[in-house]
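There are 4 protein chains.
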Amino acid sequence: MTNTQLTLVQIDNYGPWTVTPEPRREMDLQTLQSRLFADLAQFVGSRDGYVFFTRFDNMVAVTNGLDREDHELLQESIANRYPVTLSLGIGTDRSPAVALERATNGIQRAGSAQDGDRREVLSGETLAEDDRSGTDLQIAHFDVNDATGKYTDRLNEFDTFIHIEQGYASLMRYLREEHGALSFFVGGDNIIAVTPDLSEAQYRAAIDHVEADADVELKVGVGTASNAHEAGFAAKHALEDCRHLGTTVEFADASVETADD
Amino acid sequence: MTNTQLTLVQIDNYGPWTVTPEPRREMDLQTLQSRLFADLAQFVGSRDGYVFFTRFDNMVAVTNGLDREDHELLQESIANRYPVTLSLGIGTDRSPAVALERATNGIQRAGSAQDGDRREVLSGETLAEDDRSGTDLQIAHFDVNDATGKYTDRLNEFDTFIHIEQGYASLMRYLREEHGALSFFVGGDNIIAVTPDLSEAQYRAAIDHVEADADVELKVGVGTASNAHEAGFAAKHALEDCRHLGTTVEFADASVETADD
Amino acid sequence: MTNTQLTLVQIDNYGPWTVTPEPRREMDLQTLQSRLFADLAQFVGSRDGYVFFTRFDNMVAVTNGLDREDHELLQESIANRYPVTLSLGIGTDRSPAVALERATNGIQRAGSAQDGDRREVLSGETLAEDDRSGTDLQIAHFDVNDATGKYTDRLNEFDTFIHIEQGYASLMRYLREEHGALSFFVGGDNIIAVTPDLSEAQYRAAIDHVEADADVELKVGVGTASNAHEAGFAAKHALEDCRHLGTTVEFADASVETADD
Amino acid sequence: MTNTQLTLVQIDNYGPWTVTPEPRREMDLQTLQSRLFADLAQFVGSRDGYVFFTRFDNMVAVTNGLDREDHELLQESIANRYPVTLSLGIGTDRSPAVALERATNGIQRAGSAQDGDRREVLSGETLAEDDRSGTDLQIAHFDVNDATGKYTDRLNEFDTFIHIEQGYASLMRYLREEHGALSFFVGGDNIIAVTPDLSEAQYRAAIDHVEADADVELKVGVGTASNAHEAGFAAKHALEDCRHLGTTVEFADASVETADD
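Chains as they are written, first to last, in the working numbering: chain Y, 277 to 537; chain H, 277 to 537; chain X, 277 to 537; chain G, 277 to 537.
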């Protein structure tokens, strides 16, 4: 059974900062946001977690395997190198949506995202090492069938983007409502979802829904492990299997996961 | 009348590279993508242009004021520092959508995005300095009314994100279909659109559409100038005027723009 | 007794790469080198190690606490994000100079730094967790007395730099020859040395030597711990003690070190 | 006749910041410094200038071709993205040392490097476009003969570094005292000098001095142009000529320089 540990990363009082004393150059803000995300991706990713940029001022990280000290160190290091600080809320549950609900509540209880006095909140508890297992995380890696041939090489980039975006919007809502899973667009034609234990039939139903709702054809590889990297890496291999076999849903077998260790 | 110069930035053969010889660590890919975008934001932004991350492997830049040499230098510098290379397609037109169509076609004619032999294409022509004017670009900066109070401080981050995303999806499609304008989510609750000359009534209609279609309330500041930074900076000031005046649509006046020079 | 674990980080075949097919833009090379160092500083530093830029194409890291898997992950992550790869040689000894000798030999035995076929060597063994102790590392943090008042605010920057550089050159040679300690300039007027167990008298003698040899007055804080960060952090506090007490050599007491945990 | 425009880049009140409220993690400071330098290298370098890291808290840039607006934009962009700000002092003269003297004086007159109230000084004037010429800059690119075979592949990295460092220390002092030239170590076995017009005999004398003084054998390529990139790029090609011809001093011919345009 999954046991997802999620961390909400929220830049403290970011909105007001971006317009104080007057609006800051947009490309400097874009640079700050994307580099901050990149630093989180390296810190969390090198500890076998995942982080998604979401709205950039609020980011969602899958932190199974990271403890409270890791979170404290991340806050200290960012505060030493950026003009902004981070609040971190940690939540765990078998349902990713419930885990994020808990992670978010911890920060919300400490004050508003635009409260100038609320800085570097660290709320919630991480999973005890003894409570972790090889089935804590299920990661599903989706992509669009032949996106290059059908869209990228044919349409102007914005119209391609509209198609990809509509497929993503349809999938994110379906998986959230049906299963409490959280789906994130990660660039290109790729969507990564953090899910509870779902069956092949449930993934097939999600893909059918997106095709009917948004006319976008997806396929998916699914992996399960004790941390996001191993689950996601297994999912990537399973997605490669879909490509080679021409199938729509593939689950990773154990050998692939252990191959990564 | 607007005269928008857009550059499509496409990473050469990126998809295959990400899984060769086997899938690469997702957080390394996320780091690479976001830092590449940040470098483009600094290069283009310090020349008063804008760049939007779009799908990260394909990015759209507003490059009025950048000439062919600037584009060549960007390609050379990225090739010197990254394991990937960039193809750049330039297009100009009074309609942003048509400009991007031309920019995209130039690259598509040179080969597929996944053609391993097609590298560092540079296609299209930039605006001659004599053809540039103070009305070449219209930038509209939208944000969501009280997003912090209504969403960020109340809902879990993913459900907040769904609301923001639905508002963006509705706006991007409406402005594309009605006006050939291109809208980009830039983080938080902010959307920046590159538009032709639109009237207050047309912006008001777009905002009404999004409220009816996605139940998300937007406001917008609009600026016009010879480059993206000045038009966008004026739009940010106009959006501040909306906040202070409680209005929904504000156009920047000249004094604000010149204040930035 | 100290037990220093050092890792030599060598960019594979870097020299030839910088001039192939023709010389690359110098500022792109400088950017690549300094960002690669920054990524190493974050990876190693967030695991409580230190890394010094030395010559940039060859860097020296203090890696007590990092195991072989950490080294492998570092190589993989850099190879995924940069156009160059890294070879890593690990060495341990009570003498930092001997540890580096071993670290360097491992890479040298695998081939030349300019051998195009030698890539991503990983040689040497890390300390077993059971063999680690709270006295494995001694870090000495030196700075120049009143560098701002005597140099920075008075001389042109290059002449200030010559004074600082001469003080560093004198100290690095003295500590290397007398004690097998390795000293690194880390910016401003700061020098950090990785040393064996040295006494207050030995540090005082080093400082007297530099004053006589290069007419530069130094002071030093010294810390001891099981990893570079804790030892160096204690050394920084001890250096602050020198400032407040007007003394030349201060050793950290345990309370300062534990304050950092 | 050369006409060098130099900019001193000084981080405002950096020393006190690094220990307030208590010492900051060294690897975070190293990351901040090296990334700040990398951003300067991209900003200045993409405008055909050079910047050298020198002491990191004080950096020297060759800014022929950059005007006052470029300097203002650099200050604004760094202030938007870093927890520190920059003061910039500009100076010009046929002698690089005198140009830096003027650049430094402008900042010193505004206050101390550790004056908490002195922020974002911008002093001095840039060269008028009409006063610029194709002989404004002479750049000399030195490297060590067979450094890999003699040092890197044979000695431990620190002892290699001592040899390279001694060669650099000897050259930097000789060129400063004899000719008012400024020499900077740029990594590996490379030294780049900003010089007045020097003859082949004068370069030969410098190289002979370093061999006699520090037992390090250098060769040099020399280029002249209106900006640092073109002069330095020509110097790199001339250094390649030394390698192929086995000579010690080579001057670039015009064809090489124009080849870069």
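Bear in mind the hints are in silico, worked out from the structure with no lab data behind them. Computed from a predicted model, the values in this text were never measured in an experiment. Check each hint, because a few of them may be wrong.
Same chains, same label: a pair holds when it works inside one copy or across any pair of copies.
[What the hints assert, rightly or not] Heads up, simulated EDC-like pairs for lysine to aspartate or glutamate below, C-alpha to C-alpha not over 20 Å straight-line:
{"no.": "1", "residue 1": "K426", "residue 2": "D369"}
{"no.": "2", "residue 1": "K426", "residue 2": "E345"}
{"no.": "3", "residue 1": "K426", "residue 2": "E487"}
{"no.": "4", "residue 1": "K426", "residue 2": "E454"}
{"no.": "5", "residue 1": "K426", "residue 2": "D391"}
{"no.": "6", "residue 1": "K426", "residue 2": "E377"}
Indicate which option fits the pair K426, E487 if close means a Cα-Cα distance not exceeding 20 Å: within, between, both or neither.
-> Answer is within; shortest intra-copy Cα gap is 14 Å, inter-copy 32 Å.
Same-copy or cross-copy closeness of K426 to E377 [CA-CA at most 20 Å] = between (38 Å within a copy, 16 Å between copies)
Go through the copies and call it for K426 and E345: within, between, both or neither, with a Cα cutoff of 20 Å.
-> neither (47 Å within a copy, 33 Å between copies)
Alpha-carbon proximity context of K426 and D391, limit 20 Å | Classified as between; 15 Å across copies, 47 Å inside a copy.
Give the relationship of K426 and E454 under a CA distance limit of 20 Å: within one copy only, between copies only, both, or neither.
-> neither (29 Å within a copy, 24 Å between copies)
Pop the pair K426 and D369 into one bin, within, between, both or neither, using alpha-carbon distances up to 20 Å.
-> Neither: 39 Å inside a chain and 25 Å across chains, both beyond 20 Å.
In this structure, the hints that do not hold are numbers 1, 2 and 4, in rising order.
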